[in-house]
Amino acid sequence: MPPEQVHRRLPKQKQIRKHIRLHVLAGSSAPYYISEDADQLIDSTAIQFLVDNGIKSIISLNEIGLAADVIETLAARGITYLHSAIGDFGAPSLDQLQTIRDHSQAQKQLGNPSLVYCGYGHGRTGTAVSALQMYDGRNFANRSAYCDNDVETSSQMYILDQLKKSLGV
1 MPPEQVHRRL
11 PKQKQIRKHI
21 RLHVLAGSSA
31 PYYISEDADQ
41 LIDSTAIQFL
51 VDNGIKSIIS
61 LNEIGLAADV
71 IETLAARGIT
81 YLHSAIGDFG
91 APSLDQLQTI
101 RDHSQAQKQL
111 GNPSLVYCGY
121 GHGRTGTAVS
131 ALQMYDGRNF
141 ANRSAYCDND
151 VETSSQMYIL
161 DQLKKSLGV
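Numbering (the working numbering), first residue to last: 1 to 169.
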């Protein structure tokens with residue numbers, strides 16, 4: 001594949017700066033995403049893209065995780081990896097959101113910018129980003145405010161409503 005096609009298919013990061021205190025958080029599609037979670041590919045070009053963009057932590061919400069050798073290669077380049085499997089258009093559980101928060105907090109304390117991704121980079125990614133913002137004190141006025149982060153489905157909104165209720169925000 002010509003290099004110009006490779007770069008067009010790498011994720012476009014959307015930096016999330018609002019409501020995330022002292023931590024850089026980005027959301028994106030999976031590297032090389034075309035139409036399904038299985039499209040993800042973390043090769044040397046994608047890893048260099050992550051390194052060049054200062055990403056030190058990946059939170060993957062793809063239904064399919066990365067192979068052990070890829071995770072080892074990421075670690076060798078100083079990038080941690082958390083996989084929390086969620087089906088396309090699905091919603092994480094409250095336990096998954098807590099695990100994502102714990103990982104994000106640990107990275108935040110180390111000053112490590114994080115990338116959250118799922119296949120397309122919307123629904124599941126938007127749900128996790130919204131949850132991280134809630135943990136950081138953001139109060140979403142209503143369900144339509146979740147759409148600012150590209151939350152897509154009623155089940156994703158429902159779990160965020162449950163988290164909001166449990167946090168009292």
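Since the hints were derived computationally from the structure, they do not count as laboratory data.
It should be emphasised that the depicted structure is a prediction, and the values quoted were computed from it without experimental measurement.
There's no promise every hint is true.
Stated by the list, open to error - Cross-link-like lysine to aspartate or glutamate pairs, in silico, EDC-like; alpha carbons within 16 Å at most:
hint	residue 1	residue 2
1	Lys165	Asp148
2	Lys56	Glu36
3	Lys164	Glu72
4	Lys56	Asp95
5	Lys165	Asp95
As the list claims (entries may be wrong) - The following label-pair restraints were derived from C-beta to C-beta distances:
hint	residue 1	residue 2	range
6	Asp161	Gln48	34 to 44 Å
7	Gln48	Gly137	32 to 42 Å
8	Ala38	Asn142	11 to 21 Å
Virtual Cβ for every residue (Gly too), placed ideally from N, Cα, C.
Worksheet item: Is the Cα-Cα distance between Lys56 and Asp95 16 Å or less?
Response: 23 Å, violated
Discussion item. Hinted pair, alpha-carbon criterion (16 Å max): Lys56, Glu36. Please report holds or violated.
Written reply: Violated, because 25 Å separates the two Cα atoms, which is more than 16 Å.
Worksheet item: Can the suggested window of 11 to 21 Å be confirmed for the beta-carbon pair Ala38 and Asn142?
Response: 35 Å, violated
Worksheet item: Do the alpha carbons of Lys165 and Asp95 lie within 16 Å of each other, as the hint requires?
Response: OK: Lys165 and Asp95 at ~15 Å, within 16 Å.
Worksheet item: Given the proposed pairing of Lys165 with Asp148, does the C-alpha separation stay at or below 16 Å?
Response: 20 Å, violated
Worksheet item: Is the distance from the Cβ of Asp161 to the Cβ of Gln48 consistent with 34 to 44 Å?
Response: 40 Å, holds
Worksheet item: Per the hint of 32 to 42 Å, is the separation of the Cβ atoms of Gln48 and Gly137 within bounds?
Response: Cβ of Gln48 to Cβ of Gly137: about 35 Å, so the range 32 to 42 Å holds.
Item to complete: Decide if the proposed pair is consistent with the structure: Lys164 and Glu72, CA atoms, cutoff 16 Å inclusive.
Response: Roughly 36 Å separates the two Cα atoms, so the pair is violated.
Against the hints set out earlier in the document, violations occur for numbers 1, 2, 3, 4, 8.
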